[in-house]
Amino acid sequence: MLIPDKSLQLPRRSFLRGLGVSIALPFLESMLPSVVKAAASPMGGPPRRMVFMYLPNGMDMENWTPSAAGDQFDLPSILQPLEPIRKQVSVLSGLAHVNARALGDGAGDHARANACFLTGIHVRKTSGADIQAGISADQIAALQIGKNTRLPSLELSCETTTRQAGSCDSGYACAYQHNISWRNETTPMPPLGDPRLVFERLFTTSDEDPDLAAGRELRQSLRGSILDVVREDAKAFQKRLGATDRRKMDEYLTGLRETEVAIQQQAKFKAENAAKPRPEMEKPEGIPGDMTEHIRLMYDLLAFALQTDSTRIATMMVLHEGSNRPYPFIGVTDGHHDLSHHGNSAEKKEKIAKINRFHMEQVAYLLTKLQGMKEGFGTVLDNSMVVVGSAIADGNAHAHHDLPVLLCGGGGGTLKPGRHVRYQSETPMTNLYLSLLDRMGVKADRLGDSSGKLERI
Amino acid sequence: MKSRSSQILPLALAVGLLAALAACTPPVVSSSPEATPAPSVEVTPAPATPPPAASEAKLEERPARIAAQIPTPEFTGDVKPLLENYCFKCHGNGKKKGGLSLDAFASMEAALQDQKTWGHVLQTLRVGDMPPDDEKQPSLEDREKIMTWIDRVVFAVDPTNPDPGRVTIRRLNRAEYNNTIRDLVGVDFQPADDFPADDSGYGFDNIGDVLSLPPVLFERYLAAAEKIMSLAILNDHKPRPTKIYVDLMQIEGGPKTGTTSVARKIDENESTIMMELPVAGEYAVKLTAESEKLGGEGAKLEWKFNGLTLRTTELSGKRNAKDTLKAALRVDKPGTYPLTLRVANPLPTPETRDGRPLNRSLTVREIQFISPPLPLKAPPSQYKLFAPGRGQPNLELAAKAILADFGKKAFRRPLSPSEVDRFFWIAKQAEKKQATFEQAVQTALTAILVSPHFLFRGEMQPEPDNPKSAHAVSEWMLASRLSYFLWSSMPDDALFADAAAGSLRKNLAAQVTRMLADPKADALVENYAGQWLQIRNVKLVQPDARTFPEWDEALATAMQRETELLFQKIMREDRSVLEILGADYTFVNERLAQHYRIPGVEGAAFVQVALPADRPGGILGHGSFLTLTSNPTRTSPVKRGKYVLENLLGTPPPPPPPEVPDLDDKNRAELKGTLRQRMEQHRVDPTCASCHARMDPIGFGLENFNGIGALRSQDEAGPIDSAGQLVSGEKFQGPAELRTILLTEKRADILRCATEKMLTYALGRGVEFYDRPAIEKATEALEKNPNFSSLVMEVVTSVPFQMRRGEGDHRKFSEKKTTASLSAP
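Heads up: the protein sequence lines correspond to chains W and H, in order.
Residue 221 is where the first sequence starts when you use my numbering, and the numbers rise one by one after that.
Residue 43 is where the second sequence starts when you use my numbering, and the numbers rise one by one after that.
So here's chain W without its partners, still in its complex pose:
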């Protein structure tokens, strides 16, 4: 039992003022509120973070998997962009997502893989009437330790807001194919793809909106009363509804409660936020037309969110599973998904490898950025655990075993990056998540098809 002794803690703002600059903040143990220390980082020191990144349509595995295991592993062409930062990257081979397989449900591997990636669940096949997935690894963490930061978790993507009209993958509701983060069986946590909205969420600039200047304090002081009344509304309403509708009202009430918490967190972290460095970027105007620019802007925002300790739990569905975007700027004019059914055509596989390599260049950009953010005696990357992967290995066969997975960062000294680790084939991917949750100080015994914790990471 930790007993906080307030007299021993340095007031953080005065400390900052003493420094006089808003540069990267060294996390001295004595500065952290003890509750944060206890939850986030059992050993003390700066907070640990957990990030999950999803890339669609599998990889060209021949140019992904290193031939050698251990710390002297080679970097095949797709992984080449990671060379400068390879000491922070482990390649994990042999992991699988059995619940992304058909298991009698027929076509729809893309929807299944997307929804299974962080939940480990074999989702129910439905066009909408009765969606059923499960809680995802990041949300298990958000529920237990999310209260320690202003935002319990952050869900991002590099998709545009305009969705494809029409049906999604083979009789699966679109929610499966467009969300990797799930609060519970039925509620996905939709990712934000517009950098402006992410910026506003991170830096709460809505509080600076001049249209809302008049009467701001009064308005903010009355939010509690508004929420009290609509909560009563919802509860009374719920009593008169059928089972499915009652669940919808549960979603409403959950959203309401979390908004209340967010308002409190915002007040609680207000001083701290004000002291934090703002990124040297203007508020983005929207989604850049250029895909590389969009991805880098989103990665910048993700890095800032982690650096400023606005959240410690993030997901980045770079693009949804089955994405059919072409990449004309690197000479790939065919749609990615169309290409992934390559039928062993060397030309198509080469194009897939090009797309894969492009994404690794962006991942290298993010990792380098996190590595450049100093904190304490290390860097933000040293204190993070970044999973990059897909729930499909070879897109042509829709294989869900021997998945392409990277585990990056030092996990606050709990990970040993810079190796290629081979696991027995069919080892559940969810075992990796349990091991990471453990390092976050989160209790989780099972997740989807997990069979234990993953060793040797």
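To be clear, the hints were calculated from the coordinates, so they are not data collected in a lab.
Worth double-checking, as some hints may not be accurate.
[As the list claims (entries may be wrong)] Dumping the calculated DSSO-like pairs for lysine-lysine here, alpha-carbon to alpha-carbon at most 30 Å:
1) H:Lys368 to W:Lys503
2) H:Lys450 to W:Lys455
3) H:Lys581 to W:Lys503
4) W:Lys589 to H:Lys581
[What the hints assert, rightly or not] Here are the computed distance ranges between Cβ atoms for each label pair:
5) H:Lys368 to W:Asp470: 47 to 53 Å
6) W:Asp470 to H:Phe147: 34 to 40 Å
7) H:Thr378 to W:Ala495: 46 to 52 Å
8) H:Asp851 to W:Lys488: 56 to 62 Å
9) W:Ala495 to H:Phe231: 50 to 56 Å
10) H:Asn135 to W:Glu581: 57 to 63 Å
11) W:Glu502 to H:Asp278: 26 to 32 Å
Backbone N, C-alpha and C fix where the C-beta goes; we use that ideal spot for every residue, glycine too.
Keeping the supplied structure of chain W fixed, place chain H upon it in accordance with the hints.
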């Protein structure tokens, strides 16, 4: 007692409808060839009690399969022999072609549980895909027998006692939220553009089950409500600085090239802005501009106000960066004053780039004046919102009147006095914190916009968890069902008035006619047609720039518009819905006309034109459809065929098997020849053949159009062969014949599909087996009158649109009668 009362309700509804429909005039006449005079619209099937005479006559005209007088076939005696005779050769006695076996069930009970398999059998029998042409064929009566057995026994469909199903409570989607705020508050602002994307199901983004409400959305709802009300109601009337924007088009002098309302070039010649300044005092001027460094030096901007030089500021000249320049000025009295701008440091000798002279200049993006504090006027929305409070004897009653009025519109039903009191309590809380009357009311109105009764379209019912309890939805709910279906927005005053008077069902046809004529019905084009025909996706496709250098945004926009205009014409002029395929005209602007090689069209505006012989009318000849079903570098006959089957004929092919066999397996000879030859070779594989034989021929019939819908006579492998044969046997040469076959042979499928899609959108749920009687009925009516208003009327008078039941296993619903008769003495 309960079961009785729930049977009486639909009858009351039906009678009411009849009276209403008898009173109304038929919809406007259409000039389409398929049009026949509108028959009196038929009533929703009435329950057990004898229906009125008019409806009885109708019943006889129905196909046997849903008519009540056909006895329910029995499995062992009626159905099994037929299956053995016609199906078991491939799907029985140990054979299971295509993975389908009809005699491998563990028990009769297990067989009846397998709705998926029987649904598939029903579908293939209905469209005549099975048995294959070269096998012996069952008679029509025998087909009906199997289908009726599946309907009645497997799916428990009872046409005399239709199950209306239930709709999950629907939250407003992004489009509906924006439209509702526009109609409710009247602020010019699209708050939902900042909400996360809506998930869709069954092809549409208004499906209650998949419209979830994640925490991030709730946060947005609160923020949006606060912002909407801040814009709608002045928070304080204290004078405050106001922004005055300069219209860049109105700047005099200087270079004229490239002037738009968002950019204006400034060079060494004086450019003058005449500004009307409303009061005396100090103004701040903010100018946003960008420029390029020339000769290592940025442009210097000289400001002159009213003839006096204010200052000179230098721009950074950084690439892709905007500079914000500021100045302050004073005037002693209001009036119109000149602000003059020029570049103070032109190059002594202009450089040349690409043969053109280049001098220092800057591009102004925005100029803003910030006035001294000005008294403010309340916006029109404030008058509108506060109007119900006028004339009340005191402020409390005024506040309550305002809340009750706004609440009724926002919740789309009257508020109970206790509900009004609850929102008034919030105003009281505000008052305790020294809020003004306006602020107090504003806070309560904000709460209304965050209430679940606003955000969700709730439909209260007496027994929400009893699947046997069906009843007509209230007129208030019906008003919302209508308005969100046809307008993607809240009901207007006329609908509310009918709902309040209980006369909406009586005036239903007139209301629908009125609503379809309202500009708000364009929401059907954007949201319904945009998703049904997937024309929204034209913005997302990215054809390869090297293969199709002529592709650009203007062409994409024109293609999307063409299809929208076709749908809009059918809707506005009440033409046959078959014109989606059968139109003999289209809409083009100059850009699209060039693409289609139609001469004589100029300008950006769209005109209606007759079609050249080489391009079929209707969507099959539209660039939108042809492009969005192509790959970036080439056509995809499979995707085109699949689109037609899914969206126009309503007979989607089953999804591909999970393990797609390796087509280009190294052990297999490399496929050679034209795309068509290669596709035909791979159809040799029996796992692929059954579905591709349905999709590919349709696509091959459209091979005369390339990946962006332009006409072609050959592809890279040689001349195009656009002949084909549908799996049902019809042969055709080219797109025109293909279209004719679809319009004649597949007419019923097209009409059924149009009904199913529209019903899905109108209900906000997937179409279920128990909706079959409603769909059959609407399809029959459309066979006689396929006009748009007829389709809409069929949908809005259908049982699932007019009624709902409690939640639970749908098979319980039809047990009702059995249970009732068993319990009878």
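Need the list of violated hint numbers for this structure, in ascending order. Going through the list in order, the structure violates hints 4, 8, 9 and respects the others.
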